[in-house]
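Undergrad: If you want the building blocks of each chain, they are given just below.
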Amino acid sequence: MTRAELEAAVLHALGEVAPEVDAASLGRDVPLRDQVDLDSFDYLNFMAALHKTTGVDVPESDYPKLATLGGAVDYLARKIAAASG
Amino acid sequence: MIEFRMPSLGADMEAGTLVQWLKKPGDGVKRGDIIAVVDTDKGAIEIEVYTEGVLDRTAVQVGEKVPVGTVLAFIRGAAEPAQAPTPADRRISPAARKAAEELRVDLSQVEGTGPGGSVTRADVERAAPGGPAPAAPSAADRTAGMRAAIAAAMARSKREIPHLYLATTIDMSRPLAWLAAENERRSVSERLLPLALLLKVIAHAVGEVPDVNGYWIDSAFRPGPAVHIGCAIALRDGGLVAPALHDVDRKDLDTVMRELRDLIVRARAGTLRSSELSDSTMTVTNLGDLGVETAFGIIYPPQVALVGLGRVVKRPWVFDGRVEPRPVMTVSVSADHRAVDGRQAGLFLGAIERWVLRPEAV
Chain A
-14 MTRAELEAAV LHALGEVAPE VDAASLGRDV PLRDQVDLDS FDYLNFMAAL
36 HKTTGVDVPE SDYPKLATLG GAVDYLARKI AAASG
Chain B
20 MIEFRMPSLG ADMEAGTLVQ WLKKPGDGVK RGDIIAVVDT DKGAIEIEVY
70 TEGVLDRTAV QVGEKVPVGT VLAFIRGAAE PAQAPTPADR RISPAARKAA
120 EELRVDLSQV EGTGPGGSVT RADVERAAPG GPAPAAPSAA DRTAGMRAAI
170 AAAMARSKRE IPHLYLATTI DMSRPLAWLA AENERRSVSE RLLPLALLLK
220 VIAHAVGEVP DVNGYWIDSA FRPGPAVHIG CAIALRDGGL VAPALHDVDR
270 KDLDTVMREL RDLIVRARAG TLRSSELSDS TMTVTNLGDL GVETAFGIIY
320 PPQVALVGLG RVVKRPWVFD GRVEPRPVMT VSVSADHRAV DGRQAGLFLG
370 AIERWVLRPE AV
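Just so you know, the sequences run in chain order A and B. At position 56 of the first sequence the residue is numbered 41 (the working numbering), and the sequence of numbers has no breaks. Start counting at 1 in the second sequence, then tack on 19, and there's your number in the working numbering.
Derived from the structure by calculation, the hints contain no laboratory data. Keep in mind it's a predicted model, so treat the numbers as computed, not measured. A few of these clues could be false.
Here are the simulated distance ranges between beta carbons [claimed, not checked]:
1) Asp339/B to Gly12/A: 41 to 49 Å
2) Lys84/B to Val15/A: 42 to 50 Å
3) Pro181/B to Ala9/A: 45 to 53 Å
Just so it is clear, CB atoms sit at the ideal spot from N, CA and C, and this is done for glycine as well.
With the sequences and hints as input, model every part of the structure.
TA: Here it is as structure tokens:
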């Protein structure tokens, strides 16, 4: 997946748990929880949706690395590259 | 013949609008079957039946708004003879029969307005699924209705219930380490949230102090028939509901987690069941996700207790004779002082702390 595709996948997963989110207004380096109303249940569902669309199963200890949109794309790109390389 | 009435789905509900019948006259029903869908301020609620028999006849039409307690239908024992006129007993015009076939309308559900109560084509067309339907309330109407319902219930609670509040702060190092280890070996779809563990902890504590689990009705405490914990769930477009997670004490942690996820999804989609809105024997509110450290909630009448869960924060804590940073959480209980004294509420909080420190036993 390209970075653009990964970003689209992250936004799609976010939209599944928070349908009211305006993707265009999200800052790439601002914590998602400061921009979107996400509780712990939403965040778990966000991780499940990412797993479904990208195949990456994010361990709980890595959650902080996906705190921002940019961080999530970077993390997924690294994981997918490591898995394929 | 048993009268099946519009149920009260909480102290704040006065009326509901029948949206759909899911059973038709002649259908067998058993306890737990969903018989109808009713629209309320809390969304479209699936109404369950609590008896066994045969649906004899319905008494309320789709689209009608009726007060709590109104007879919706009559259910007879399997051996009792039918009392409602069947389609064969009534005069139905050939045009109406043809229309019923084309529009897939059950003639037994159609009210006849023709001569002598005969069923006309117009009656069938009105009863067709695509026919005239009640206008669905707008999101703004629903939010306003929900606010009014919450206002009524909370005002009643503060007016009638002498609340007592207690809180304790618990070292969460052990349960969080246990959860982290559990989740490390689970796939994302099987992971546990701290709330699921805490619900089980609360259910165990209720087992030790059952005085906090039940209702204050007619100037007396009525113990809850089981441990059905109402979970306060914020809705994305405003308002909240507190549907019950049933029999938390009898279910394992994975089942509680699975059912909690399902409950939250359905609460936000507006597809809860009547028993989930009427069965809670106590309520839990979790505001920790919002950064709240201590939550003292208002009891949902006629329940007698509510547990508030705060945020896990790192604080200096004396452990093994040393001061060190530890993750701690404040758990509170609001109790109805007519039914519960400070001693029982304190014992309940103590039981919560003991159980939360033994997550493997939960």
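Undergrad: Check the following: the C-beta atoms of Lys84/B and Val15/A are separated by a distance inside 42 to 50 Å.
TA: holds, 46 Å
Undergrad: Between the beta carbons of Asp339/B and Gly12/A, is the distance compatible with 41 to 49 Å?
TA: holds, 43 Å
Undergrad: For Pro181/B and Ala9/A, compare the CB-CB distance with the range 45 to 53 Å and indicate the outcome.
TA: holds, 51 Å
In summary, the structure agrees with every hint in the numbered list given earlier.
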